[in-house]
Structure formats: structure tokens, C-alpha cells
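Trainee: The lines below spell out each chain.
Protein chains: 4
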Amino acid sequence: MTTQLTRPLRLGMVGGGRGAFIGAVHKIASELDGKAQLVAGALSSDPAVATQSAANWFLPRSYHSFQEMAVAEAAHPEGIDAVIITTPNHLHASVASAFIKAGIHVMCEKPLAFDLAEALELQQLLSQHSVLMALAHSYTGYPAVEEAKAKVACGELGVIRKVLVEYHQDWLMQPLEQQSDNKQAGWRTDPAKAGISCCVGDIGTHAANLVEYITGDTISEVCADLSTFVPGRTLDDDANMLLRLSSGAKGTLTCSQIACGEENNLRIRIYGSKASLEWQQQEPNSLRYCPAGQPWQLLRTGVNLSSPLALAGTRLPGGHPEGYFESLANIYRRFFHDIHLTQTGQPALGGYPGITEGVRGMALIAAAVTSSTKNASWVSLK
Amino acid sequence: MTTQLTRPLRLGMVGGGRGAFIGAVHKIASELDGKAQLVAGALSSDPAVATQSAANWFLPRSYHSFQEMAVAEAAHPEGIDAVIITTPNHLHASVASAFIKAGIHVMCEKPLAFDLAEALELQQLLSQHSVLMALAHSYTGYPAVEEAKAKVACGELGVIRKVLVEYHQDWLMQPLEQQSDNKQAGWRTDPAKAGISCCVGDIGTHAANLVEYITGDTISEVCADLSTFVPGRTLDDDANMLLRLSSGAKGTLTCSQIACGEENNLRIRIYGSKASLEWQQQEPNSLRYCPAGQPWQLLRTGVNLSSPLALAGTRLPGGHPEGYFESLANIYRRFFHDIHLTQTGQPALGGYPGITEGVRGMALIAAAVTSSTKNASWVSLK
Amino acid sequence: MTTQLTRPLRLGMVGGGRGAFIGAVHKIASELDGKAQLVAGALSSDPAVATQSAANWFLPRSYHSFQEMAVAEAAHPEGIDAVIITTPNHLHASVASAFIKAGIHVMCEKPLAFDLAEALELQQLLSQHSVLMALAHSYTGYPAVEEAKAKVACGELGVIRKVLVEYHQDWLMQPLEQQSDNKQAGWRTDPAKAGISCCVGDIGTHAANLVEYITGDTISEVCADLSTFVPGRTLDDDANMLLRLSSGAKGTLTCSQIACGEENNLRIRIYGSKASLEWQQQEPNSLRYCPAGQPWQLLRTGVNLSSPLALAGTRLPGGHPEGYFESLANIYRRFFHDIHLTQTGQPALGGYPGITEGVRGMALIAAAVTSSTKNASWVSLK
Amino acid sequence: MTTQLTRPLRLGMVGGGRGAFIGAVHKIASELDGKAQLVAGALSSDPAVATQSAANWFLPRSYHSFQEMAVAEAAHPEGIDAVIITTPNHLHASVASAFIKAGIHVMCEKPLAFDLAEALELQQLLSQHSVLMALAHSYTGYPAVEEAKAKVACGELGVIRKVLVEYHQDWLMQPLEQQSDNKQAGWRTDPAKAGISCCVGDIGTHAANLVEYITGDTISEVCADLSTFVPGRTLDDDANMLLRLSSGAKGTLTCSQIACGEENNLRIRIYGSKASLEWQQQEPNSLRYCPAGQPWQLLRTGVNLSSPLALAGTRLPGGHPEGYFESLANIYRRFFHDIHLTQTGQPALGGYPGITEGVRGMALIAAAVTSSTKNASWVSLK
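Residue numbers (the working numbering), protein chains in the order written: chain A, 194 to 575; chain B, 194 to 575; chain C, 194 to 575; chain D, 194 to 575.
The set of hints was computed from the structure by calculation and includes no laboratory data. Each hint should be verified, as a subset may be incorrect.
A pair holds if it fits inside one copy or across any two, identical chains being indistinguishable in the list.
Using 30 Å as the maximum straight-line C-alpha spacing, the simulated DSSO-like pairs for lysine-lysine come out as follows [to be verified]:
1) K467 / K376
2) K467 / K228
3) K376 / K386
Start from the sequences, fold in the hints, and give me the full structure.
Mentor: Here you go:
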């Protein structure tokens, strides 16, 4: 960074109050490097919870609605520079719109919106405002993922031939949504709040984003077979897809929330004509790399990574594990830098997931669901 | 075994002479337990190679053609009990037919035949003779695979929901078939010798067989996208498939001969409503097993396996690695026991891959190729 | 916690300015949960560096000496609640003494002091003041380490028979201390600043602490063979030790800074009469556990851990890796809770490494060096 | 090999009858390559067992005593070329002596003899006869071990600084020797049959041999702490040792038969000034290798190994696991080749463990036990 922040940025949050672990995750990640501080929130639709959650976090300002917050913060002399949106999916777009219109930068959880149409509207709105938008595809913040992307970009893998990506969990293998106290399972399996997909929407989008982020290529069409294995459930809890990429590479994407024993197993393998690589989110500091005809190498964060973004995203010497918080913090770091550049009249640099990736994710969801309803016919992502 | 062999069985081999590593593999595996001895061979279509190869192995009898061998051995007072066929694919059926007609039991390399029609003819022929036939789906001989099968069979996994199988190699990532001295690559990529598929035929069939062997279920239909990545090649060197099983389980099968860095990476994961398991051929003595809500367990050959077939197929105490030879030897052991039972007037027990699995394999090849030519439409395996 | 903080605690730091990564580590870890904020520092003995470092971190108050800082903060109406000491070893005790005398709580990097005598003096001083002291044995903060400790404590392992601990790095395998710009290597290999040991002092103490923390037992005597492999170096860069524990368990401790290819490989294995367990710092969210006669189990942070401290120290759902920062933050969390208890007139709970562990570490260093000079005779740790 | 065998070698075995798994292991390994056949045996001291065991294996000649066998086979026109000794330790030397005197080559299980004195006598006897002797340090037959040895020999590791070797099992963690039907546990824990050590004698010798085989160096002295953890047992069931090598390298050797959960965990790590490597017997086809400043590489049998002995000892393409049988078969292969050279008047080549390694092993046992009785003082291996 050529210039530095002269004060910590001020952040607000919508959603994420007590009981929603994702709020604490974003608070920790956004404040981790000491470049920003959470100072305002509309942390819950329940006023008592909102107030109490804000007090727990020592927030100076607490609001009971995001609409009120957007207006008030925009008018406040020390108002927030950016808002973090951690609500259920169906609220993403309206919250984002309110803050965009108020001129406040936005970090939003994925998926971007309730459906593709809403996402496109948001894209339209954003194009009319000088506001930055980031999307929490947190996995792209790992240094080893940056290194993978850099290797592909500089041609070390040659022509990409095959991409295998998977994202498996098991937390919905029982009908948790039938327990009244499981809010998380409740809204994620509810079409009114989650949209047209549960599994693909929640984690399939992460997997697809990772493919496109590392390869720099786009998924051109999918042939998808979505399933609902747990009785009584409306939305998909599992999906298998064939992928075709614009460059001619082929592959599979498989995701599941009912894969017994799996925690949060996001894994990608990319095979090129000159080399291949493999990365797993659960051991994020290792990148397996194999140049043709040579042994597999174990590239390690803090030790053997050499791309600028990988180095910039590493805070500790090798062998000191960095994890999910630091990955998300890396995305925040770039987002904050862009805010700083914008505020000082310089052009933003990007390099973190934003509106484009958000729209791509919604297109993936739409294409996968459409393909599946057509008995796994190929459907283009346009 | 209630009764025991009173002499070692006598074996012959067709194909497998010098330069074809698969011949030595079958010799070692079939003789490993001291229950059989290779005594005759038509080891090469090149007479000099055939003679020299037989001499290297100290074989009493060497032939220049399999037809001659079948007739002569059937007439010999100490003729062979069984023949091992290790020729390229296009010869499997004619060699097998010759020996079946001569009343000699047959162990054949997979795939069973050149195409599905030929396989069905062979099945028809076999039904008319009192001859046993085994197919070298060698991976089903590993004790950990037996244990996996037993766990599914006794319901430990509950309802199978998802099956992921993959078989990745990289040995054809360069156009080796253009080198005149690479016979192996030459015939495998030659439609006149390999049939309508290279990758699916050679290793996709192993993967599909493993799915059906462990689950006891059948693949009902496939949606396949076959690719040929190496320029100048006619047949597929990579494939991705969606699977549907008769029971309602879903899954993917992906195989490749151009996956840079992969050696012989056959791996299967099965997710059920009660538990899941995972096995990899390259670490064959470990079976990962996870009952719902409990930790992953590492079941180990010689230590924690408990099913009868797993125990019967284990020759060493835990921690003494057993590998590919011993796996194939386990299939031979059951095949030899059936020969003994047959020779002593008792009913054969089966329990090793045979004609049925061979026909299933050819059906898989046919369905995958058909599906791919129809732009990955679902095709039934009947 | 029965009562909660009503404001974030105020922290100061001595040492840790620009170029010393350990300062940023402590800042991030101590602030991670939003319960404390760094507000003052004497970050470097170089006044310009001290000032600039404080500005980078937006610290309200910067000092040029720790003595000045101790006095000023004690007198300040919003003075710091606790100080973090991240200087080289030879300054630990004098800095700590200054703040103890000023009535300010202390978190100190390990080893506690320059030598055992100094450590004992500090222990004496501390006993005369109502000040809390914590020591940054950061590895004990991992949830999986807590789980291990709990398993031993509740008898799941039976009688402990064998303990194998190792801590291997390679960062000193070349004579980095001969490069003038490597301050870290410079002071760690300098007897005037590091004390009588480099490798044992820096990382052997961590390994020994981990043994005693998990087992709840004490190392009674060591038989140590220290080595200096890199020419021109005075202090040890490698050590191998036999261990005897008070309970009768035996074991080895091996540590190295010249073990080519090793990053920060702290690993412990504990074998009991009923079960055993294994943990590695580089994959900190997994705890391997094996009850006698059963398979190895993979216990995972956020999934299968059940001890209260392990659960309390977990911030994310399973499969979202937590690492070094979060481990150290767990120690801070307990330390801060004790500060809060003390400030509200309640008794402190402990549960984090402190003066006792610091003195034990110095005793280990002294015993190991003495043993080695006596050609690896047994030396008691008293 | 410049010349080839004109017939399979004829082998005999002493010990190894029914119930002793080690007999079948040697039969399979020695016959694996089709270069030798077991034709005679004195398989048990129990005549009925001896006869039945020989019949099970279709052996033409069965004896009731090894003395009778040695004499008869020496006189037989088609007498055995070599004998395999698989008895308990206390018989090794007398059996070996009988066959040496009869001019028959000997493959003996380790340890070589009951004690060091007996080993030295045997060495003296052997020097007076033109008989070859091999010792079953089976682990040195793995291709990855050969590769490791070759890397050290050609200087790729630079100066060896640190060697860590361990061999852990748990099969004696309960007092199995008190069960009358456990012959194996019975004689191994019986000083009258096993000698002065159980654990060090049985597996510590393997570990020490592996160190010396790979490094080409010798262990000059040990500082050993032997333990007997299971009540009622006389001999050691666990040991920890500090090692010093003649070259100046240091290290540890730890072995156990009571390490809960361990199967047959032989593992070695060697750290040099230029590179390091690691190998584990339970995953024998992988060799981890790390040149200084570069990533860890995964060298794999059949793929990346390049030393002549590693290549010669590999029977399968990469990814087809080879295991314990093939490792032992590699030692037999070299031993048989030497027999062939000797029989055709050519000088033997060696390259497999023999009398020298056997004496070294007995010296290690003697030194370790002596050191331990002197409270872990350094004892030289001469």
C-alpha cells in the first residue's frame, strides 16, 4: 500500500446477533488487523437481542432496523465507512440496497441475493453509485488459494484439462429444521428465505466460485442432478454436476449437506497439461503441486509460497497454522484498502469477490436447478 | 475349506510374455499361496519370445498358439486345470472360448471382451459348459474392500445415499502411443484392439465394478461426458459421469489417464444414512469408517477388520503392508477353491468376479459411450 | 463467566515493534475476542521505531522506555490493566518486575527469565504483590490440547507409560546469526541475550511444558545430549533427551532448530495402559485417540471434542480451521477473565501457564544443560 | 545378472510350522519370484505338526530334527541349496551351525543368536566355511529404503546431523505370555529363549539396523533406558535410547511393544546439512524427501525412485502397492543371486544383511542392556 489509513475504518453490521455465529466471525475477521472497528449494528430483528448483542460487543450505536441504521449512519459525523450483511439470504439485496443508496460500502454474505433477478437488479443499482461491494467468498482469501491462482495464471499448469471440486458437509443429514430451536437449519431449508436451493445455494456456490477464481476461467454449462435425501425437506440437500468450462476443460462439482462424517470439506483438484494441484480447506496451509514427470511437492503457507498475494496474506512464520478467520480477514484487508483508495481519490484495485462473483453464483444456482428439473440436461450459465 | 487340495493346481497362461508386466503379476499372484503352479504357456504371438519367456519361468510346456495349447492341454494326462488370459482386449473372448470348449477353467483379464455383443456370446457359451470363469477385478480382493462390502450388507451404513468413485492415472498424458516401442499404450488407444473406449474400458470398469461389489447395488443409468484431451488420439482418455443406482442412491464416477501426477488412484466414498466409509487403493490396508455422530475410525487390515472374507484374505499381522499381489492372490484363492470343489463334485461357491461382472462391465462401457455421444443424456445399463 | 467485563481491558506492550513479528501476534491474539485493546507501548529500544510502530497501530500512548511506561501507566486514570512482554529473554525479568511493582498484570513471552535464579527471584517478587502473571506457552490454548488433558485427567488413558514429544524446526540450519540484519537469529544464539541455551530454551521448554500440561505429571529428571551443529555457534541448536516422569512414565524429548524441512513441528504422543493419543501443532484441530483394542479415532475441534475448556476455546463450527492466533487468544481469554475477577474482588481461577510453569521451564533448561555437560547423566528437576 | 539360474533353487526350512506365521511368510517371500522352491523341512519340534505342516505345503521331504535334516540334505543328490531358520532365538546359532558345517547356505531370522558371545562364535565358524549367510532384516528390502540409502551415499543429504528412529507395537501391552496358548508371546518374553532382551532384541535391532543400513554409518554408543511396564514380566517391553554415530551425528531410538494403538510402526527420519528424508514401514512405497530451502517431495516406488537397487526391487507400476512380502523377497533375490554366483564359481556380491549385521545387532542388544543397568550411561558398541 502506497498510503496508509490515518484512522481505523468504522464498520457496522446487519444481522449476526447472539445465536448467529456468523456475526462474531465477521467481527473478528474484520477487526483482526487493527484497521477497522465495529461501531454500529442492527444485529437482530428482535430489539432486545439487538440491544444486548451490541452491548456485549461494546458497540457505541445500536439500531432496531437496518433502514434506520443506513440513514442515521450516513448522516453521522463519524458514521460507518462500510456495513457487513450477515442476514439470511432473502434479506441480502434489500439491506445492501439501503446502504448502497446511503453511499456506504457493503460486505455481504453469499449468496448475493434471493434469486438471479434480484442479483441483476442489485448489480444495476450498484453501477449507479460510487460504492464498493465485496462478497464473503471467504475461501479465496487463503494464501494457498492465491498461490494456486497465480500458478495457473502464469501458465505453470499448461492447458487446464480437468477440474474436480467438492464441498461436503453432514450437518443436515438429520431433519434438524424440524427442531424449532435450530434457526440456522430452519431458514436454510426454507424456500421463502433461502431461495430455490439449499445445498447448491449455500455451498455449491462456494465450490463454483473457487473453480472460477483459481482457474480464471468460467463454468460455461452444467449438467446437474440435485437430490433431497432427508424426508420432509423441500430443497436439495445434495447435488452432483458435470462441468464444462469455457476453455474446454471438463470436470465435476459435487456438494452435499448429508455426507455423513464430513465437516466442511471443500476440496479442489486441477489437472493441466503441464502440472496439477490440489487444495483442501480443512488443511488450508498446504498446497499439493505436481509438475509432470516430477514428484508431488508440498507447498506450505509461510514457507514455499511465492506469489505476492499469498505472501501478503500470510501473518505468521511457517508451521504456525492460520485458518478461517485469517482467510476472511485477507478479503477484508483488500476491501479496506480499496475503501481507503476510494476515500483518498485513488482508483480501487479489486482482487476480492464482489458483485460479478455474486451474479455468477446466482446464475450457477439457477442453471443447476433448471438442469436438474430437466433430468440433468446441459444448461448454460450464459 | 472343508476339504483341501491334494496337489497344487496346474495353470497355463496365454499372453503375458516378456515385456508384458501383467504376465508376471498373474504368475506371482496365482502361485503365491503355493496352491497352484504355472506349467504351460502360449506367452506370446512371437514364437521366439514365447519360448524364451517360458524358459525364464522354467515352464515344462510352451506353445506357439492358444488354440494348440487348449487342445493339447485338454488331452494331456497332467494338463492344466485353468488358464490365465492376459492378452489385449480383442483376443479375450476367442481365447476364453477355446479353453471353455476344451473344458478348462478360465481366469481372464478385464474387460471381458471386445464389445458387449461378444461378451453376451461368451456368457451364452459358458452357460453350456461346466467350466468356471473368473475375471481379474483385482481390487475386490483387498481385505478392506471385503470389510466395506460386509458393512454395507449388514446394514451398518443404513440407506446408501451417495457414492463417489474415482480412478485417476496420468500414464497417457503424453501421446505415448506414437512411440513405436510402447506396446501397452499402442493397443490400449487402438480401437481395433481396445474396443470403443480406452479410459472407461480400462479403468472406468474397475471403478464401476467396485461400486457394485461393495454396495451390492447396481448402477442403473449413467450420464457420461467422455473426453479425448491428447491430440491425435481416437478413444477417450478421460471421463466424468453422473450415476444413479437402482436403490435410489446417486453419485459420480470420474476416471482419467491424463490426470497429471496420479499413479493408480482408485478411491471410493460411500455415504449412508447411518454411516459412511472411504477406501483408497494406494493405501489399501486402511478403511476409514464414520458412524453418524461419532468420530472417523481408522480400520486396519490385520487389526480391526472382522468380516470372514476380510480375515481370510489377510496373511500378515497388522502393520505389515499387504498389497496388490496379495489382493489378486485372494481372488485366485477363491477361484482355486471353487475349482477344487468342482473337481470333487461339490457346488462352487463363487465370491469372486466372473462372467456376470464381465457383462456388466461391457454394458457400462457401452452405456457411457452412448451417453457421451448423446451429449451426456442418461443411458440405462438395463 | 458469572459476570462480564463492562469495558474492554486496556493493554500495553513492551517490545514487539516493527520487524519483530511476535508483537503483531500478541496484538492480534489479545484483541481477537474484543475484550481488550492495546493502548500503550514501549515497542522498541529505538525511539524512532517505537514511535512509528505505535502510530501504525493507532496507539494513543507511546513510551521510549519500559520503566517510564510502568510508572506513567500506573498513574494514568485510564492506565493499562496488563502489559505484554515480547522482548528478548534477557529483559523479561526486569520488565516484568517493573510492572509487577507498579501493580500492573503481566503476560510474558517464554522462557520466563534469563536463568533459573532470576526466575526464582521473580517468583519471590510476584508472591509479594497482588498481580497476575501469565506466560505465553501458546500451544496449551488449542482445544485439542485441552481435550487431551481432560482425557488423561479423567483416567481414559489409564496409567501413562510412555511420552514422546518433539519440536523440530530448521530455521537455524544455516548460520543466519552472521547476517547483520537478522535480529531474531542474532539474539537467540547470543548467550548474553538468550541465556545458557538456544534450542532447549526457545522450543524445548514448549515441549516440556506440553508434556506436563497434558499429563498433569512432572518431568522428574532428564538425561540430555545437546549439540551445536552449525559451526561458529556457541549455544545448542539441537537436543535429545531421555525423560522420566514422577509417576514412573518414561519418554523422550527431542528438539532441533537445524532439522532440515521442519517448520514448527511440535508433536506429542502419550501411551497409557488403557488408551493413547497423539497431537501435532501443525494440524492442531485433530486429536488422534486410540482406546486399547479399538480403532484409532480422529477427534476434531468443533465436532467431537467434549471437555469444557475445549468447547470454550472453539469459535467456529467443525471444519473451519482455527490456528495459532486463536490458541494464543484462548490463553488471553482466561487471563483476562482472571483480571476481571481480581478487579471485581473475586478469586482468580488460573488455568493458563504462569509463574510456576515459567520456573519449571527455567529448571528444565538448567537441568538439560547440566546433564549435557556431564555427558548425559541424569539430572533432577527437583 | 550376467548369468541366470538354470533351475529353481531348492530350499529347506527349520521351524515355521503350523501356528508360526513366520514360516508361511518366508515360504511366500522366498518363492515369490519363481527362482526357488521349498522342498524340505524340519518345521516343528512336534513330529506330528512337522509332518502335517510339510504335507500342507506339499513338501517332498519332512524331517523331525534339524540335525537329521542337515546331514540328509547334504547327502541328497537333489539336496537343498539353502536353509531358512525361523525358530525362536535360542536355537538360531545351533541350527545355523549344523547347516554351515553341512555346506548349506543359511538365511536366518534375526536376532542372529542368543547372545553376543554365541554370535561371535558363529561368525568365527562361518569364516571357516564357503557358505553364504543372510539375515532377515526384511525392512532393508523395500525400494524406498534403497533409495534413501542411495541418496545418503551420493551425498544428497550432506553431513548427517540427526537421526530419529522408532519402532512401536502394542501386541504385548497385556500379559499375553500368561495365556498358555500364546507361544509367540511365551518365548519372546522368556529369557531362556529370547535372551537378555525382549523389545530391544526383537524390534530395537531392526531399528538400529535400518539406521546403519541407510546412513552407511555405525552407531558408536548408546545411552539406554529400558523398561518393563507389564507386571510379571522379566524382560524389557519398552526402551528409549540416545544415539551417537561414528560420524558425529546424534539421535534417538525408541521402541516399544506396549505402545497402545501401534501396529508395526517402524519409522526413520534423517536430517542432513543439505536435505532430509523420512520413511515409514506402514506406508512403504512413499519416501518423503526435502532438500534445504525447497518443498517436501513425495518420492514413490514405481514412479520417482531412481537408484539401481530401488528399481531392481520394484515389480509393479506406480500406484500398485507392494508390501512386506515383496520387501523380504528382495532380500531373497539378492541372496539367491549370490548363491548362483557362488555355485558357478563367481564371487558373491553381498548387498543383503548377513553375519556382520547379525553381530552388530547382538552388540546393540548387549550395549543397550548394559547401559540400562548402569542407569543409562553411555556404552560403546565397539
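Trainee: If a hint holds in the structure, say so; if it does not, say that too.
Mentor: Structure-based check of all given hints:
| no. | hint | in the structure |
| --- | --- | --- |
| 1 | K467 / K376 | between (47 Å within a copy, 24 Å between copies) |
| 2 | K467 / K228 | neither (41 Å within a copy, 42 Å between copies) |
| 3 | K376 / K386 | within (11 Å within a copy, 56 Å between copies) |
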